[in-house]
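Engineer: Sequence:
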Amino acid sequence: MGTEMKQGGHAVVHRASWLVPIVASPVSNGAVMVRNGTVLAFGRYSAVKAQCPAHTEEIDHGSSAILPALVNAHTHVELSALHGRIPLPQNGFPAWIERLFALRTRLSSGELEEGCRTGEDLLARGATGLYGDITNGMNLSRTLHSAVPARVSFLEVLGFNIEDLDQAVPPHLLQHIEESDRGGGSCSSIAAHACYSTSESILKSAKDWTRSRRLPFSIHTAEHPEEIEFLREGTGFCRGLLERLGKWVPGWQPPGTTPVRYLDRLGILDSHTLLVHAVHMTEDDWEVVARRQCAVCFCPRSNRNLNVGLPDIRQAIRLGIPSALGTDSLAGNTDLDLFEEAAFVLDLYPEIHPEKVLYMMTQGGAQALHKTSLFGSIESGKRSALVAVSLPDSVPRSQLSETIIRKGREGAWRWASCPEAD
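In our numbering, the protein residues as written are 1028 to 1449.
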(Lines of atoms letter the chains of each structure in order from A and count residues from 1; the text may use other names and numbers.)
(Lines give C-alpha, C1' and ligand atoms only; values in the text may rest on other atoms or scores of the structure.)
Protein backbone atom coordinates (compact mmCIF):
# COMPACT_ATOMS: atom_id res chain seq x y z
CA MET A 1 0.00 0.00 0.00
CA GLY A 2 2.50 2.60 -0.97
CA THR A 3 5.56 3.38 -3.00
CA GLU A 4 9.00 2.50 -1.72
CA MET A 5 10.48 5.55 -0.03
CA LYS A 6 14.15 5.51 0.85
CA GLN A 7 15.19 8.92 -0.46
CA GLY A 8 15.88 11.82 1.87
CA GLY A 9 13.64 14.75 2.82
CA HIS A 10 11.52 15.64 5.80
CA ALA A 11 8.94 12.89 6.06
CA VAL A 12 6.47 12.40 8.90
CA VAL A 13 4.76 9.17 9.91
CA HIS A 14 1.35 9.41 11.56
CA ARG A 15 0.42 6.30 13.50
CA ALA A 16 -2.91 5.31 15.10
CA SER A 17 -4.88 2.32 16.27
CA TRP A 18 -6.86 2.52 13.02
CA LEU A 19 -6.08 3.86 9.57
CA VAL A 20 -9.16 4.36 7.37
CA PRO A 21 -8.11 4.84 3.72
CA ILE A 22 -11.80 4.79 2.55
CA VAL A 23 -11.02 3.07 -0.77
CA ALA A 24 -9.35 0.16 1.02
CA SER A 25 -10.23 -1.77 4.15
CA PRO A 26 -9.42 -0.15 7.50
CA VAL A 27 -6.02 -1.12 8.86
CA SER A 28 -5.49 -1.82 12.55
CA ASN A 29 -2.24 -0.43 13.97
CA GLY A 30 -1.99 1.62 10.80
CA ALA A 31 0.21 4.45 9.66
CA VAL A 32 0.60 6.95 6.86
CA MET A 33 3.81 8.65 5.78
CA VAL A 34 3.59 12.18 4.39
CA ARG A 35 5.98 14.78 3.07
CA ASN A 36 5.46 18.26 1.67
CA GLY A 37 1.69 17.90 1.80
CA THR A 38 1.59 14.58 -0.05
CA VAL A 39 0.92 11.00 1.03
CA LEU A 40 3.96 8.81 0.38
CA ALA A 41 2.86 5.47 1.82
CA PHE A 42 0.18 3.95 4.02
CA GLY A 43 -0.72 0.61 5.55
CA ARG A 44 0.34 -1.42 8.57
CA TYR A 45 2.67 0.52 10.81
CA SER A 46 5.45 -2.05 10.47
CA ALA A 47 5.30 -1.93 6.66
CA VAL A 48 5.28 1.88 6.52
CA LYS A 49 8.07 2.11 9.09
CA ALA A 50 10.24 -0.12 6.91
CA GLN A 51 9.96 2.42 4.07
CA CYS A 52 10.91 5.46 6.13
CA PRO A 53 14.02 7.51 5.35
CA ALA A 54 16.45 7.99 8.19
CA HIS A 55 15.41 10.47 10.90
CA THR A 56 11.75 10.39 9.90
CA GLU A 57 9.58 12.14 12.48
CA GLU A 58 6.91 9.94 14.02
CA ILE A 59 3.63 11.07 15.61
CA ASP A 60 1.58 8.51 17.51
CA HIS A 61 -2.10 9.47 17.68
CA GLY A 62 -2.86 6.59 20.01
CA SER A 63 -6.42 5.31 20.18
CA SER A 64 -7.63 7.17 17.10
CA ALA A 65 -8.70 6.66 13.53
CA ILE A 66 -6.77 8.53 10.86
CA LEU A 67 -8.92 9.28 7.82
CA PRO A 68 -8.94 11.76 4.93
CA ALA A 69 -10.29 15.23 5.56
CA LEU A 70 -13.99 15.54 4.80
CA VAL A 71 -15.45 16.82 1.54
CA ASN A 72 -18.47 19.11 1.86
CA ALA A 73 -19.82 18.93 -1.68
CA HIS A 74 -22.36 21.76 -1.47
CA THR A 75 -22.52 24.98 0.49
CA HIS A 76 -22.98 28.73 0.00
CA VAL A 77 -20.26 30.50 1.99
CA GLU A 78 -21.55 33.92 0.85
CA LEU A 79 -24.76 33.33 2.80
CA SER A 80 -22.92 32.79 6.08
CA ALA A 81 -23.75 36.35 7.18
CA LEU A 82 -27.36 35.14 7.54
CA HIS A 83 -26.41 32.60 10.21
CA GLY A 84 -29.14 32.60 12.84
CA ARG A 85 -31.18 35.34 11.17
CA ILE A 86 -33.76 33.00 9.66
CA PRO A 87 -35.62 30.95 12.28
CA LEU A 88 -35.41 27.24 11.58
CA PRO A 89 -37.33 25.18 10.73
CA GLN A 90 -39.32 27.15 8.16
CA ASN A 91 -42.77 26.26 6.85
CA GLY A 92 -41.74 25.35 3.33
CA PHE A 93 -39.51 26.77 0.61
CA PRO A 94 -41.67 29.84 -0.20
CA ALA A 95 -41.55 31.10 3.39
CA TRP A 96 -37.80 30.53 3.56
CA ILE A 97 -36.90 32.17 0.24
CA GLU A 98 -39.01 35.24 1.03
CA ARG A 99 -37.08 35.72 4.26
CA LEU A 100 -33.81 35.12 2.45
CA PHE A 101 -34.55 37.78 -0.17
CA ALA A 102 -35.60 40.31 2.46
CA LEU A 103 -32.44 39.83 4.53
CA ARG A 104 -29.92 39.33 1.72
CA THR A 105 -30.61 42.71 0.13
CA ARG A 106 -29.88 44.50 3.41
CA LEU A 107 -26.42 43.04 3.89
CA SER A 108 -23.49 45.38 3.34
CA SER A 109 -20.34 44.28 1.53
CA GLY A 110 -18.56 44.32 4.87
CA GLU A 111 -21.12 41.99 6.41
CA LEU A 112 -20.87 39.66 3.44
CA GLU A 113 -17.08 39.60 3.69
CA GLU A 114 -17.17 38.91 7.41
CA GLY A 115 -19.74 36.19 6.78
CA CYS A 116 -17.42 34.51 4.28
CA ARG A 117 -14.62 34.45 6.83
CA THR A 118 -17.01 33.01 9.42
CA GLY A 119 -18.19 30.33 7.01
CA GLU A 120 -14.67 29.27 6.09
CA ASP A 121 -13.71 29.16 9.76
CA LEU A 122 -16.68 26.88 10.47
CA LEU A 123 -15.71 24.65 7.56
CA ALA A 124 -12.18 24.36 8.93
CA ARG A 125 -13.57 23.55 12.37
CA GLY A 126 -15.66 20.83 10.73
CA ALA A 127 -12.65 18.83 9.46
CA THR A 128 -13.22 20.01 5.88
CA GLY A 129 -10.40 19.49 3.41
CA LEU A 130 -12.33 20.36 0.26
CA TYR A 131 -15.69 21.99 -0.33
CA GLY A 132 -17.96 22.92 -3.20
CA ASP A 133 -19.03 26.55 -2.92
CA ILE A 134 -21.84 28.25 -4.81
CA THR A 135 -20.98 31.91 -5.34
CA ASN A 136 -22.54 34.92 -7.02
CA GLY A 137 -19.03 36.17 -7.80
CA MET A 138 -17.81 37.70 -4.57
CA ASN A 139 -16.18 34.51 -3.30
CA LEU A 140 -14.81 33.43 -6.67
CA SER A 141 -11.33 34.87 -6.21
CA ARG A 142 -11.11 35.39 -2.45
CA THR A 143 -8.01 33.99 -0.79
CA LEU A 144 -8.90 30.67 0.76
CA HIS A 145 -8.88 30.23 4.54
CA SER A 146 -5.44 28.85 5.42
CA ALA A 147 -6.95 25.95 7.38
CA VAL A 148 -9.08 24.65 4.48
CA PRO A 149 -6.85 23.13 1.81
CA ALA A 150 -9.08 23.55 -1.25
CA ARG A 151 -12.44 24.49 -2.74
CA VAL A 152 -14.28 24.18 -6.02
CA SER A 153 -16.05 27.50 -6.60
CA PHE A 154 -19.18 27.39 -8.76
CA LEU A 155 -20.22 30.73 -10.21
CA GLU A 156 -24.00 30.55 -10.11
CA VAL A 157 -25.87 31.71 -13.19
CA LEU A 158 -29.58 32.36 -13.40
CA GLY A 159 -31.99 34.36 -15.47
CA PHE A 160 -35.34 33.02 -16.59
CA ASN A 161 -35.75 35.85 -19.08
CA ILE A 162 -32.16 35.84 -20.37
CA GLU A 163 -31.06 33.89 -23.44
CA ASP A 164 -27.35 34.71 -23.72
CA LEU A 165 -24.71 33.39 -21.31
CA ASP A 166 -22.72 36.60 -21.78
CA GLN A 167 -25.68 38.50 -20.31
CA ALA A 168 -25.85 36.19 -17.31
CA VAL A 169 -22.12 36.11 -16.57
CA PRO A 170 -19.79 39.13 -16.76
CA PRO A 171 -16.94 38.34 -19.20
CA HIS A 172 -14.24 39.01 -16.60
CA LEU A 173 -15.69 36.30 -14.37
CA LEU A 174 -15.72 33.78 -17.20
CA GLN A 175 -12.10 34.69 -17.86
CA HIS A 176 -11.28 34.14 -14.20
CA ILE A 177 -12.81 30.66 -14.36
CA GLU A 178 -10.85 29.94 -17.55
CA GLU A 179 -7.63 30.87 -15.78
CA SER A 180 -8.33 29.05 -12.51
CA ASP A 181 -5.88 26.31 -11.66
CA ARG A 182 -7.46 22.99 -12.60
CA GLY A 183 -4.36 20.99 -11.77
CA GLY A 184 -4.26 21.91 -8.07
CA GLY A 185 -6.79 21.36 -5.36
CA SER A 186 -8.83 24.50 -5.99
CA CYS A 187 -10.56 25.48 -9.21
CA SER A 188 -13.64 27.29 -10.49
CA SER A 189 -16.57 26.35 -12.68
CA ILE A 190 -20.21 27.29 -13.39
CA ALA A 191 -23.44 26.21 -11.73
CA ALA A 192 -26.98 26.92 -12.85
CA HIS A 193 -29.29 27.85 -10.00
CA ALA A 194 -32.33 25.73 -10.88
CA CYS A 195 -34.73 24.85 -13.70
CA TYR A 196 -37.35 27.31 -12.45
CA SER A 197 -34.97 30.29 -12.36
CA THR A 198 -32.79 29.71 -15.42
CA SER A 199 -33.83 29.74 -19.07
CA GLU A 200 -33.46 26.72 -21.31
CA SER A 201 -30.91 28.61 -23.38
CA ILE A 202 -28.77 29.53 -20.38
CA LEU A 203 -28.97 25.98 -19.00
CA LYS A 204 -27.71 24.54 -22.26
CA SER A 205 -25.03 27.15 -22.93
CA ALA A 206 -23.70 27.01 -19.36
CA LYS A 207 -23.47 23.23 -19.52
CA ASP A 208 -21.85 23.36 -22.96
CA TRP A 209 -19.29 25.84 -21.61
CA THR A 210 -18.30 23.55 -18.73
CA ARG A 211 -18.47 20.39 -20.84
CA SER A 212 -16.01 21.76 -23.39
CA ARG A 213 -13.57 22.41 -20.54
CA ARG A 214 -14.27 19.15 -18.68
CA LEU A 215 -15.38 21.03 -15.58
CA PRO A 216 -18.04 19.93 -13.09
CA PHE A 217 -21.48 21.51 -13.46
CA SER A 218 -23.85 21.84 -10.51
CA ILE A 219 -27.58 22.58 -10.29
CA HIS A 220 -30.23 22.50 -7.54
CA THR A 221 -32.66 19.81 -8.68
CA ALA A 222 -36.05 18.61 -7.42
CA GLU A 223 -35.58 20.36 -4.08
CA HIS A 224 -39.16 21.37 -3.29
CA PRO A 225 -42.76 20.71 -4.42
CA GLU A 226 -43.06 24.20 -5.93
CA GLU A 227 -40.35 23.33 -8.46
CA ILE A 228 -42.21 20.18 -9.47
CA GLU A 229 -45.49 22.07 -9.93
CA PHE A 230 -43.87 24.80 -11.99
CA LEU A 231 -42.23 22.44 -14.47
CA ARG A 232 -45.35 20.31 -14.84
CA GLU A 233 -48.02 23.01 -14.92
CA GLY A 234 -46.28 26.39 -15.15
CA THR A 235 -48.20 27.55 -12.08
CA GLY A 236 -47.70 28.13 -8.38
CA PHE A 237 -45.18 29.96 -6.24
CA CYS A 238 -42.30 29.89 -8.73
CA ARG A 239 -44.35 31.54 -11.45
CA GLY A 240 -45.66 34.15 -9.04
CA LEU A 241 -42.12 34.91 -7.89
CA LEU A 242 -40.87 35.33 -11.45
CA GLU A 243 -43.76 37.66 -12.26
CA ARG A 244 -43.15 39.71 -9.13
CA LEU A 245 -39.44 40.04 -9.94
CA GLY A 246 -40.17 41.03 -13.53
CA LYS A 247 -38.48 37.88 -14.87
CA TRP A 248 -41.51 36.09 -16.28
CA VAL A 249 -41.52 35.34 -20.02
CA PRO A 250 -45.00 35.70 -21.58
CA GLY A 251 -45.88 32.71 -23.70
CA TRP A 252 -43.48 30.36 -21.91
CA GLN A 253 -44.81 26.81 -21.85
CA PRO A 254 -43.89 24.35 -19.09
CA PRO A 255 -42.02 21.22 -20.19
CA GLY A 256 -44.68 19.13 -18.47
CA THR A 257 -42.23 16.75 -16.88
CA THR A 258 -39.90 16.33 -13.90
CA PRO A 259 -36.73 18.39 -13.40
CA VAL A 260 -34.56 15.36 -14.14
CA ARG A 261 -36.45 14.50 -17.34
CA TYR A 262 -36.31 18.16 -18.41
CA LEU A 263 -32.56 18.38 -17.84
CA ASP A 264 -32.06 15.11 -19.69
CA ARG A 265 -34.11 16.40 -22.61
CA LEU A 266 -31.79 19.43 -22.76
CA GLY A 267 -28.66 17.27 -22.76
CA ILE A 268 -27.50 18.52 -19.37
CA LEU A 269 -27.02 15.19 -17.62
CA ASP A 270 -23.67 13.42 -17.80
CA SER A 271 -20.85 12.24 -15.55
CA HIS A 272 -19.74 15.83 -14.88
CA THR A 273 -23.19 16.95 -13.67
CA LEU A 274 -23.81 17.29 -9.93
CA LEU A 275 -27.48 17.32 -8.92
CA VAL A 276 -28.04 18.92 -5.52
CA HIS A 277 -30.89 17.88 -3.18
CA ALA A 278 -32.87 15.39 -5.35
CA VAL A 279 -35.75 15.28 -2.86
CA HIS A 280 -38.77 14.93 -5.16
CA MET A 281 -37.67 12.17 -7.50
CA THR A 282 -39.63 9.46 -9.28
CA GLU A 283 -38.38 5.92 -9.84
CA ASP A 284 -37.83 6.87 -13.46
CA ASP A 285 -35.84 9.94 -12.42
CA TRP A 286 -33.44 7.79 -10.43
CA GLU A 287 -33.01 5.42 -13.36
CA VAL A 288 -32.16 8.34 -15.65
CA VAL A 289 -29.62 9.75 -13.19
CA ALA A 290 -27.97 6.34 -12.86
CA ARG A 291 -27.88 5.84 -16.63
CA ARG A 292 -26.33 9.26 -17.23
CA GLN A 293 -23.79 8.66 -14.42
CA CYS A 294 -24.56 11.94 -12.67
CA ALA A 295 -23.47 12.54 -9.09
CA VAL A 296 -25.94 13.63 -6.42
CA CYS A 297 -25.23 15.72 -3.32
CA PHE A 298 -27.69 15.25 -0.48
CA CYS A 299 -28.29 17.99 2.11
CA PRO A 300 -30.93 16.35 4.33
CA ARG A 301 -30.71 18.70 7.32
CA SER A 302 -31.34 21.69 5.05
CA ASN A 303 -34.29 19.83 3.51
CA ARG A 304 -35.69 19.20 6.97
CA ASN A 305 -35.13 22.80 8.07
CA LEU A 306 -36.92 24.17 5.00
CA ASN A 307 -39.65 21.55 5.40
CA VAL A 308 -39.45 20.48 1.75
CA GLY A 309 -39.28 16.72 2.30
CA LEU A 310 -36.39 14.27 2.60
CA PRO A 311 -34.40 12.55 -0.16
CA ASP A 312 -34.39 8.82 -0.85
CA ILE A 313 -30.68 8.31 -0.31
CA ARG A 314 -31.23 4.56 -0.18
CA GLN A 315 -32.39 4.49 -3.79
CA ALA A 316 -29.33 6.37 -4.99
CA ILE A 317 -27.06 3.94 -3.18
CA ARG A 318 -29.01 0.93 -4.47
CA LEU A 319 -28.53 2.10 -8.06
CA GLY A 320 -24.83 2.85 -7.58
CA ILE A 321 -25.26 6.58 -8.16
CA PRO A 322 -22.18 8.55 -6.97
CA SER A 323 -23.47 10.16 -3.78
CA ALA A 324 -22.06 12.93 -1.62
CA LEU A 325 -23.10 14.96 1.41
CA GLY A 326 -23.30 18.73 1.80
CA THR A 327 -24.41 21.06 4.56
CA ASP A 328 -25.95 23.67 2.26
CA SER A 329 -25.78 27.24 3.64
CA LEU A 330 -25.99 28.82 7.07
CA ALA A 331 -29.22 30.42 5.89
CA GLY A 332 -30.82 26.97 5.96
CA ASN A 333 -28.66 25.07 8.41
CA THR A 334 -27.27 25.60 11.90
CA ASP A 335 -23.65 24.75 11.05
CA LEU A 336 -21.30 23.61 8.30
CA ASP A 337 -20.22 20.45 10.10
CA LEU A 338 -20.28 17.36 7.91
CA PHE A 339 -19.96 15.09 10.94
CA GLU A 340 -23.33 16.51 12.07
CA GLU A 341 -24.78 15.90 8.61
CA ALA A 342 -23.53 12.33 8.58
CA ALA A 343 -24.86 11.60 12.08
CA PHE A 344 -28.25 12.90 10.95
CA VAL A 345 -28.16 10.46 8.04
CA LEU A 346 -27.31 7.59 10.39
CA ASP A 347 -30.26 8.47 12.61
CA LEU A 348 -32.71 9.01 9.75
CA TYR A 349 -31.65 6.09 7.57
CA PRO A 350 -30.55 3.29 9.93
CA GLU A 351 -30.58 0.80 7.06
CA ILE A 352 -27.71 2.64 5.31
CA HIS A 353 -24.41 1.15 6.44
CA PRO A 354 -22.22 3.67 8.33
CA GLU A 355 -19.29 2.73 6.10
CA LYS A 356 -21.26 4.00 3.10
CA VAL A 357 -22.05 7.26 4.90
CA LEU A 358 -18.35 7.71 5.69
CA TYR A 359 -17.63 7.13 1.99
CA MET A 360 -20.18 9.78 0.98
CA MET A 361 -18.55 12.42 3.18
CA THR A 362 -15.05 11.75 1.79
CA GLN A 363 -14.49 9.96 -1.50
CA GLY A 364 -18.10 10.49 -2.60
CA GLY A 365 -17.70 14.24 -2.26
CA ALA A 366 -14.39 14.18 -4.11
CA GLN A 367 -16.05 12.22 -6.92
CA ALA A 368 -18.88 14.75 -7.13
CA LEU A 369 -16.39 17.62 -7.41
CA HIS A 370 -14.02 15.67 -9.70
CA LYS A 371 -11.12 15.91 -7.27
CA THR A 372 -10.43 12.24 -6.52
CA SER A 373 -6.84 12.61 -7.73
CA LEU A 374 -6.10 14.69 -4.64
CA PHE A 375 -8.85 14.29 -2.03
CA GLY A 376 -11.34 11.85 -0.58
CA SER A 377 -9.12 8.92 0.37
CA ILE A 378 -5.70 8.04 1.71
CA GLU A 379 -3.61 6.93 -1.25
CA SER A 380 -0.04 7.51 -2.36
CA GLY A 381 0.27 10.78 -4.26
CA LYS A 382 -2.85 12.38 -2.79
CA ARG A 383 -2.90 15.46 -0.59
CA SER A 384 -2.10 14.73 3.03
CA ALA A 385 -5.19 16.44 4.43
CA LEU A 386 -5.77 14.03 7.31
CA VAL A 387 -7.80 14.08 10.50
CA ALA A 388 -7.48 11.93 13.60
CA VAL A 389 -10.72 11.05 15.37
CA SER A 390 -10.35 9.93 18.98
CA LEU A 391 -11.79 6.49 19.68
CA PRO A 392 -12.61 4.48 22.78
CA ASP A 393 -10.20 1.63 23.41
CA SER A 394 -10.75 -1.56 21.41
CA VAL A 395 -13.40 -0.42 18.92
CA PRO A 396 -14.40 -3.49 16.87
CA ARG A 397 -14.09 -3.28 13.11
CA SER A 398 -17.87 -3.68 12.74
CA GLN A 399 -18.51 -0.47 14.72
CA LEU A 400 -15.61 1.59 13.42
CA SER A 401 -17.35 3.79 10.82
CA GLU A 402 -20.28 4.68 13.05
CA THR A 403 -17.98 5.40 15.99
CA ILE A 404 -15.87 7.72 13.83
CA ILE A 405 -18.96 9.68 12.78
CA ARG A 406 -20.42 9.86 16.30
CA LYS A 407 -17.11 10.89 17.90
CA GLY A 408 -16.48 13.40 15.12
CA ARG A 409 -19.88 14.91 15.81
CA GLU A 410 -18.85 15.33 19.46
CA GLY A 411 -15.80 17.29 18.30
CA ALA A 412 -13.36 14.54 19.30
CA TRP A 413 -11.06 15.04 16.34
CA ARG A 414 -7.97 17.05 15.39
CA TRP A 415 -5.96 17.74 12.29
CA ALA A 416 -3.22 15.15 11.88
CA SER A 417 -1.84 16.74 8.72
CA CYS A 418 -3.19 19.77 6.88
CA PRO A 419 -1.43 21.07 3.76
CA GLU A 420 -1.43 24.79 3.08
CA ALA A 421 -4.43 26.16 1.20
CA ASP A 422 -4.18 26.47 -2.59
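Hints were generated in silico from the structure; no laboratory data involved.
Please note: incorrect hints may appear among the correct ones.
Claimed, not checked - Label pairs and their calculated CB-CB ranges: (1) E1314 / G1408: 45 to 53 Å; (2) R1144 / W1442: 16 to 24 Å; (3) R1144 / H1380: 16 to 24 Å; (4) G1347 / E1084: 38 to 46 Å.
Every residue, glycine too, gets a C-beta built ideally from N, C-alpha and C.
Engineer: How does the Cβ-Cβ distance of G1347 and E1084 compare with 38 to 46 Å: does it lie in that range?
Structural biologist: With Cβ atoms ~41 Å apart, the hint holds.
Engineer: Against the range 45 to 53 Å, how does the distance between the Cβ atoms of E1314 and G1408 compare: consistent or not?
Structural biologist: Given range 45 to 53 Å: violated, Cβ gap about 36 Å.
Engineer: So the hint says 16 to 24 Å: do the beta-carbon atoms of R1144 and W1442 match that?
Structural biologist: At 19 Å between Cβs, range holds.
Engineer: For the hint 16 to 24 Å, verify it against the beta carbon of R1144 and that of H1380.
Structural biologist: violated, 37 Å
When the structure is compared with the earlier hints, violations turn up for hints 1 and 3 and for no others.
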